[in-house]
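Visitor: Sequence:
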Amino acid sequence: ASRLINALSSEGVRWKANIENMEASRELLTGDVLLASAFISYIGPFTKSYRQKLLNDNWIPFLRKAADGESIPMSENASPRQILTNDAAIAQWNQDKLPADPVSIENGTIVTSTLRFPLMIDPQLQGINWIRNKERNNKLEIVRMTQKGMLRKLEIAMENGYALLIENLGESIDAVLNPVISRSTVKKGRKLFIKLGDSEIEFHPKFKLYLHTKLSNPHYPPEVQAEAALINFSVTM
Numbered sequence: 330a331s332r333l334i335n336a337l338s339s340e341g342v343r344w345k346a347n348i349e350n351m352e353a354s355r356e357l358l359t360g361d362v363l364l365a366s367a368f369i370s371y372i373g374p375f376t377k378s379y380r381q382k383l384l385n386d387n388w389i390p391f392l393r394k395a396a397d398g399e400s401i402p403m404s405e406n407a408s409p410r411q412i413l414t415n416d417a418a419i420a421q422w423n424q425d426k427l428p429a430d431p432v433s434i435e436n437g438t439i440v441t442s443t444l445r446f447p448l449m450i451d452p453q454l455q456g457i458n459w460i461r462n463k464e465r466n467n468k469l470e471i472v473r474m475t476q477k478g479m480l481r482k483l484e485i486a487m488e489n490g491y492a493l494l495i496e497n498l499g500e501s502i503d504a505v506l507n508p509v510i511s512r513s514t515v516k517k518g519r520k521l522f523i524k525l526g527d528s529e530i531e532f533h534p535k536f537k538l539y540l541h542t543k544l545s546n547p548h549y550p551p552e553v554q555a556e557a558a559l560i561n562f563s564v565t566m
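Residues in the sequence shown are numbered consecutively from 330, following this note's numbering.
Read the hints as simulated data drawn from the structure, not as lab findings. Worth double-checking, as some hints may not be accurate.
[To be verified] Derived DSS-like pairs (lysine-lysine); straight-line CA-CA distance at most 27 Å:
#	residue 1	residue 2
1	Lys-468	Lys-516
2	Lys-477	Lys-535
3	Lys-468	Lys-537
4	Lys-537	Lys-482
Build out the structure end to end from the sequences listed, making use of the hints.
Guide: This is the structure in structure tokens:
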């Protein structure tokens, strides 16, 4: 016991420094979380150059002067990726075949952080390959809108909290999916239900829906863009 206590005593300095760093970071959470929220909500559809411009030329300078000309409390080198994820999670995504470039990591961060269902713009099929591996233990079903029995598979996934990926969507999304994408749930007792066609289907809180298109530059109506999280997986120069 004495040897253990003596060995741990040398850690006291490091622990004390960590506590001081955490207390300092807590004071900066307001701006960091605000920046991360904007990142999740709005940056997904854009390519790398536009993302950098939004972050470095617009959002961060605005936050530096937003509090009556003073900076909202935030980290000196605020990075949404560092706020929203960690190295262990990124390493797991890379093992699941997500490319290791910065844009792909940002896309993975948005997919795993957003409360909206992701709609992936993925002409090179990098995103769909990652989802196949990421959700392989969650009974992932991959379907198309024209596939026979698609709605039944959607119902089973919703009821049981499984993952479902609808691939190769066009620019129009079938109206039957609107209540699901918008999470138009009705609470009955302790359970949530969604009206799908003429039926009310129980909505499991762990249900995951992924939407996928191979179109490189699709144009979706505003309601789809507002209710789904558009994420651009396109590889550009």
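Visitor: Evaluate each hint against the coordinates.
Guide: Verification of the supplied hints:
1. Lys-468 - Lys-516: holds, 26 Å
2. Lys-477 - Lys-535: The hint holds at about 25 Å.
3. Lys-468 - Lys-537: holds, 11 Å
4. Lys-537 - Lys-482: holds, 13 Å
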